[in-house]
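All chains should be modelled from the sequences, with the hints used to inform the complete structure.
Residue strings, one per chain:
2 protein chains.
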Amino acid sequence: MGLIVQKFGGSSVANAERVRNVARIVTDCYRAGNQVVVVVSAQGDTTDDLIAKAAEINTRASKREMDMLLAAGEQISISLLAMAIEAEHCPVVSLLGWQAGFVTNSTYGSARIRRVDTVRVKSALDNNNIVVVAGFQGLNRRNDITTLGRGGSDTSAVALAAALHADRCQIFTDVEGVYTADPRKVPGAVKLKEITYDEMLELATLGAQVLNNRSVEMAKKYNVELEVLSSMKRAPGTVVREVTRMEKMLLRGVTKDANIARISVVGVPDTPGIAFKIFSVLAAKNINVDVILQSIGRKGTKDITFTTDGDNGQTAVEVLKSSIAEVADKTIVCDTNVAKVSVVGAGMETHPGTAAKMFEALYEINVNIQMIATSEIKISVIIDAADADKAVEAIHAKFFPVVE
Amino acid sequence: MGLIVQKFGGSSVANAERVRNVARIVTDCYRAGNQVVVVVSAQGDTTDDLIAKAAEINTRASKREMDMLLAAGEQISISLLAMAIEAEHCPVVSLLGWQAGFVTNSTYGSARIRRVDTVRVKSALDNNNIVVVAGFQGLNRRNDITTLGRGGSDTSAVALAAALHADRCQIFTDVEGVYTADPRKVPGAVKLKEITYDEMLELATLGAQVLNNRSVEMAKKYNVELEVLSSMKRAPGTVVREVTRMEKMLLRGVTKDANIARISVVGVPDTPGIAFKIFSVLAAKNINVDVILQSIGRKGTKDITFTTDGDNGQTAVEVLKSSIAEVADKTIVCDTNVAKVSVVGAGMETHPGTAAKMFEALYEINVNIQMIATSEIKISVIIDAADADKAVEAIHAKFFPVVE
Chain A
1 MGLIVQKFGG
11 SSVANAERVR
21 NVARIVTDCY
31 RAGNQVVVVV
41 SAQGDTTDDL
51 IAKAAEINTR
61 ASKREMDMLL
71 AAGEQISISL
81 LAMAIEAEHC
91 PVVSLLGWQA
101 GFVTNSTYGS
111 ARIRRVDTVR
121 VKSALDNNNI
131 VVVAGFQGLN
141 RRNDITTLGR
151 GGSDTSAVAL
161 AAALHADRCQ
171 IFTDVEGVYT
181 ADPRKVPGAV
191 KLKEITYDEM
201 LELATLGAQV
211 LNNRSVEMAK
221 KYNVELEVLS
231 SMKRAPGTVV
241 REVTRMEKML
251 LRGVTKDANI
261 ARISVVGVPD
271 TPGIAFKIFS
281 VLAAKNINVD
291 VILQSIGRKG
301 TKDITFTTDG
311 DNGQTAVEVL
321 KSSIAEVADK
331 TIVCDTNVAK
341 VSVVGAGMET
351 HPGTAAKMFE
361 ALYEINVNIQ
371 MIATSEIKIS
381 VIIDAADADK
391 AVEAIHAKFF
401 PVVE
Chain B
1001 MGLIVQKFGG
1011 SSVANAERVR
1021 NVARIVTDCY
1031 RAGNQVVVVV
1041 SAQGDTTDDL
1051 IAKAAEINTR
1061 ASKREMDMLL
1071 AAGEQISISL
1081 LAMAIEAEHC
1091 PVVSLLGWQA
1101 GFVTNSTYGS
1111 ARIRRVDTVR
1121 VKSALDNNNI
1131 VVVAGFQGLN
1141 RRNDITTLGR
1151 GGSDTSAVAL
1161 AAALHADRCQ
1171 IFTDVEGVYT
1181 ADPRKVPGAV
1191 KLKEITYDEM
1201 LELATLGAQV
1211 LNNRSVEMAK
1221 KYNVELEVLS
1231 SMKRAPGTVV
1241 REVTRMEKML
1251 LRGVTKDANI
1261 ARISVVGVPD
1271 TPGIAFKIFS
1281 VLAAKNINVD
1291 VILQSIGRKG
1301 TKDITFTTDG
1311 DNGQTAVEVL
1321 KSSIAEVADK
1331 TIVCDTNVAK
1341 VSVVGAGMET
1351 HPGTAAKMFE
1361 ALYEINVNIQ
1371 MIATSEIKIS
1381 VIIDAADADK
1391 AVEAIHAKFF
1401 PVVE
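Heads up: the protein sequence lines correspond to chains A and B, in order. So the first sequence is numbered by the working numbering: it starts at 1 and just counts up by one. So the second sequence is numbered by the working numbering: it starts at 1001 and just counts up by one.
Simulated from the structure, these hints should not be mistaken for lab results. Glycine included, C-beta positions come from ideal geometry on N, C-alpha and C. Take every hint as true, because none was put in to throw you off.
With a straight-line cut-off of 30 Å between C-alpha atoms, the simulated DSSO-like cross-links for lysine-lysine are:
id : chain 1 : residue 1 : chain 2 : residue 2
1  : B       : Lys1357   : B       : Lys1398
2  : B       : Lys1302   : B       : Lys1285
3  : A       : Lys233    : B       : Lys1053
4  : B       : Lys1063   : A       : Lys53
5  : A       : Lys233    : A       : Lys193
6  : A       : Lys122    : B       : Lys1063
7  : B       : Lys1277   : B       : Lys1302
8  : A       : Lys302    : A       : Lys321
9  : A       : Lys191    : A       : Lys221
10 : A       : Lys63     : B       : Lys1053
11 : B       : Lys1299   : B       : Lys1330
12 : B       : Lys1191   : B       : Lys1390
13 : B       : Lys1122   : A       : Lys63
14 : A       : Lys53     : B       : Lys1053
15 : A       : Lys277    : A       : Lys302
16 : A       : Lys53     : B       : Lys1233
17 : A       : Lys122    : A       : Lys220
From the structure, some residues in chain B lie toward chain A, with a derived Cβ separation under 10 Å:
id : residue
18 : Lys1053
19 : Leu1070
20 : Gln1099
21 : Ile1145
As structure tokens, then:
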């Protein structure tokens, strides 16, 4: 019994049958004695369909008008879900982003939430209503509709849970929780009961696309307890929260990110400032850099290697060539045929054996490690893309031996 | 040069090509030096599609949620039209009903406009923007979305034109204006240059479905000059306004309404109060009565005959049978095989020859008149449905002889 925020993505409400399914989940939670606030995305392909409609008319439409257009998507899904809840004979009221008090800045298309004025949601809850709120959208100071960008509904749900001091924020998805590896690929993958925010962040960054990063960061900041669970199968999911006792090494998972590019700038002068120049130029172009490695080259030169998103690889090469005199004539190699494989787990820094265990697994299947990067809760290696899947499987088997 | 409100219905913005066409009409008006406010309906079948989506989920959904759902339709059309105007390189801003200041009562599904707060529209106009406003929708005192019901976008346009003191409100449709008869059926039908509000109201009531009645009534009340014209063909339409000099008899048109039922209650006691009972019972059931005729029957009885919408005929009979003791055992005849043919024109009351001329035309083609009703600007006859089309043609030929 408590105040629960439940969030359902577009695929969970894609058609009438699924909307009814969501209505049953919501009303079961309500009938169990909880106050329930539901945050929904637009149905299935609605957003893409609307974008296609716009493109037919103007491929360079203003972002303000795009946001006005796209916000219609959740308006449709909240009212349909409310109708399905009415059909289950529970009192319900649907609210648009602005009605639910989402105040954002004016960055149309990827607005940031400034605050959530919960007066109306609270009053609807006090009147025993289930409250269905449009995710992804808000209102700026000019009283214009804004949208939060991709994955924005997760952020809406967490922000609302934080503002309402909800007991839990349940994120319903098409997976049953967070696994130690991709369960479709690694047979021994295990669903985690619990995970910390930092671990979840690392997993998301590493390509386990269960939760939007912004929403996890916000949940951590406001200490919102998250649960990731399936809208199709009724079963407990994975709870994301701050776990206080952490003496034990807790490996959370093995992930793979195949969409990366490894870029090597070979033989740059070994003088101060060159690394600064390279990475500030990339930052100015909004190219995120992940792993960085610097090695001594021949005759007073050095080689700088880094990884970035696969899509940005070629752009990064061009930017560096055209902007920095010192590298313009140097060899810059871009290799997109690589993957990053990582193990994630809080408490890793106090268990030095983890890295050795991981490397051992790779050695046993004869996989060459190109780069290594470590953080307090993560060890990543860059390897040949062709080796990635078997590497994940081998590492997972090493850390989570199948018991039976 | 002035402030023009332009209204485009759903078929005028049904697809990308038509949205672009509307954008060209709007931007031409703007470039000619006018301030332009555009009111749009939802695209083509959007509203019906949304209603079908709702029916799949809940056939008895609350009206509040239906309004929330349907209002998404205009949100899509205003943003798309704004994008098309952007593509024509004119400054533009789209506004939802509530952003444009439409405050309504809380009768979801057929809300009445209480007032229009034009601050935001005026400020957008002052900044040289074309303003695109969602028709059909508003906001009630609870900050909930409402819709105005069928034809609501016409009403939105007229209300906005009244509140802004616009110089003209142009209603773009799929016809080129108001004709003296249905131009698809009567070859000699002539487009009228000008018509009064009352004439327009009579024409609309009589089945010439060019303009929504509520919007004409509102235009009359606030003295908004209307123009009905085509969105497909660039040509002047019909202007609706108060014409002051009216010495001359001005016949405006001949119309036909085939969707009526004639109901006769035969042999009721000739006592006071019986007519009152009949028509108050019908009013309580929201059954509108049009023409009423009372005649003396046999032996201290009378017959009461009236017409109503064709759809209501059978209901009317049942209501009367079950509610009024005096008529329960009487013969009640419902005939839907009738039509009403009318001539409309201001100044008719000072030209008694009009009725004679009309009846002469019917006599010449051997059409029997069942009932007659007259108002200051209209003469209607109820005749056999099978005679209706040739009656319209004959009357039209009598009043508008083809010149060539």
